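Participant: The sequence shown begins at 1 in our numbering and counts up by one.
Derived by calculation from the structure, the hints in this document are not laboratory data. Here the structure is a predicted model, which means the values were calculated and not measured. Glycine residues also receive a C-beta, built at the ideal position from the N, C-alpha and C atoms. Incorrect hints may appear among the rest.
Cut-off 25 angstroms, straight-line C-alpha distance, at most; resulting in silico cross-link-like pairs (BS3-like, lysine-lysine) [stated by the list, open to error]: (1) K261 - K248; (2) K200 - K268; (3) K200 - K241; (4) K268 - K248; (5) K261 - K241.
Pair ranges (Cβ atoms, derived) [unchecked claim]: (6) P303 - D245: 42 to 52 angstroms; (7) G231 - A301: 37 to 47 angstroms; (8) T255 - G299: 31 to 41 angstroms; (9) A159 - L244: 21 to 31 angstroms; (10) S89 - Q310: 41 to 51 angstroms; (11) N204 - K268: 16 to 26 angstroms; (12) A196 - R90: 16 to 26 angstroms.
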Amino acid sequence: MLASISRSLARRRPPLQLSAVAAAAAASAMSSSAAGANAPDRPISPDATRVAWVGTGVMGQSMAGHLLAAGYALTVYNRTPSKAEGLVSRGATLVESPRAAAAAADVIFLMVGFPSDVRSTSLDPSTGALAGLAPGGVLVDMTTSDPTLAAEIAEAAAAAGCAAVDAPVSGGDRGARNATLSIFAGGDAAVVARLAPLFKLMGNALYMGGPGAGQRAKLGNQIAIASTMVGLVEGMVYAHKAGLDVAKWLEAISTGAAGSKSLDLYGKRMLERDMAAGFYVRHFVKDLGICLSECQAMGLALPGLALAHQLYVSLLAHGEGGLGTQALILAIERLNNTCLDKKPE
1 MLASISRSLA RRRPPLQLSA VAAAAAASAM SSSAAGANAP DRPISPDATR VAWVGTGVMG
61 QSMAGHLLAA GYALTVYNRT PSKAEGLVSR GATLVESPRA AAAAADVIFL MVGFPSDVRS
121 TSLDPSTGAL AGLAPGGVLV DMTTSDPTLA AEIAEAAAAA GCAAVDAPVS GGDRGARNAT
181 LSIFAGGDAA VVARLAPLFK LMGNALYMGG PGAGQRAKLG NQIAIASTMV GLVEGMVYAH
241 KAGLDVAKWL EAISTGAAGS KSLDLYGKRM LERDMAAGFY VRHFVKDLGI CLSECQAMGL
301 ALPGLALAHQ LYVSLLAHGE GGLGTQALIL AIERLNNTCL DKKPE
């Protein structure tokens, strides 16, 4: 744990360009936490802990919503303010930068898109979260990102008298809505344990090791999903071309050895041509690209990963990066000059 952390928030760095409402909320929060809300030995609870959230997209909005529903005071930031309206209407306070969000919080969560977004929202000296987080505060990055960046953020947080945890998640939009996400946590074990009341509101958190270990666990998860998705869509196209009722085929294999979360989450969506994003193709391409970079550094050959990456990149080439990962069916259909529908040919 962090040593000799101040329990007074009088040393808080001033936020940048807070609105009048947000400034008043931050001032009130300062006075209410003067007894040491950021102290590392203080239990986390709605009465004692202020929370902030950066990134209120497809998954972030649901995840932050669970914290708000549990009674936590929530401050939010999103590059597109309209995407935070649902949370604001339920009582969250919208601010103008990650730094302002952190200045009003004891624990700040990030759920953004790419490593570059993680870097800017956490480390930017003018607007980043660590520039506003008071000593004793905790930054939790739930984005799937680069393990080396996670270690860099942890080091920067420690230098500021704070802590950082990398805690990417798996489970997609459904897991976010239902609070059943798998959370892979890396960082200081005691800090992760202290965050348990917050993680439990979003899913099941498992401690994976030191800084970056959460990210590496998530990358392994993505590698397994990538090859599973290729196998699933290839099986569906085969069943279709063989004249089978693909819906019945999916039902038949779902309880056998070929059953999988990917089948449960995406089989029906693909049959119904529902390509709405629970997890964006462009973000999955990002994840698999990080995996390939890690493999290159490790001298590791994973041909299934490389194939899946290329197939998903082909979706980007067709302008389909904004679709969900189940859109992989489109790439396999194009390779075979066919189109899957609810009825066999």
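Participant: Confirm or reject each hint.
Facilitator: Outcome of the hint check:
Distance hint between K261 and K248 is fulfilled; the C-alpha atoms sit about 17 angstroms from each other, no more than 25 angstroms. With a C-alpha separation of about 29 angstroms, the suggested pairing of K200 with K268 is violated against the 25 angstroms cut-off. Between K200 and K241, the direct Cα distance comes to roughly 44 angstroms. Violation of the 25 angstroms bound is thereby established for this hinted pair. Taking the CA atoms of K268 and K248, the gap is about 11 angstroms. The hint holds against a cut of 25 angstroms.
Proximity of K261 to K241 is assessed by CA-CA distance (about 24 angstroms); at most 25 angstroms being required, the pair is judged to hold. The given range of 42 to 52 angstroms is broken by P303 and D245, whose C-beta atoms sit roughly 32 angstroms from each other. Taking 37 to 47 angstroms as the suggested C-beta distance range, the pair G231 and A301 does not conform, at roughly 19 angstroms. Between T255 and G299, the C-beta spacing of about 39 angstroms keeps the proposed range 31 to 41 angstroms intact.
Restraint check, A159 to L244: a C-beta distance of roughly 60 angstroms breaks the suggested window 21 to 31 angstroms. Hint check: S89 to Q310, Cβ distance near 43 angstroms, so the stated range 41 to 51 angstroms holds. At about 25 angstroms, the beta-carbon gap between N204 and K268 stays in the expected band of 16 to 26 angstroms. Between A196 and R90 the beta carbons are some 24 angstroms apart, a value that agrees with the proposed interval 16 to 26 angstroms.
Violated hints for the displayed structure, listed by number in ascending order: 2, 3, 6, 7, 9.
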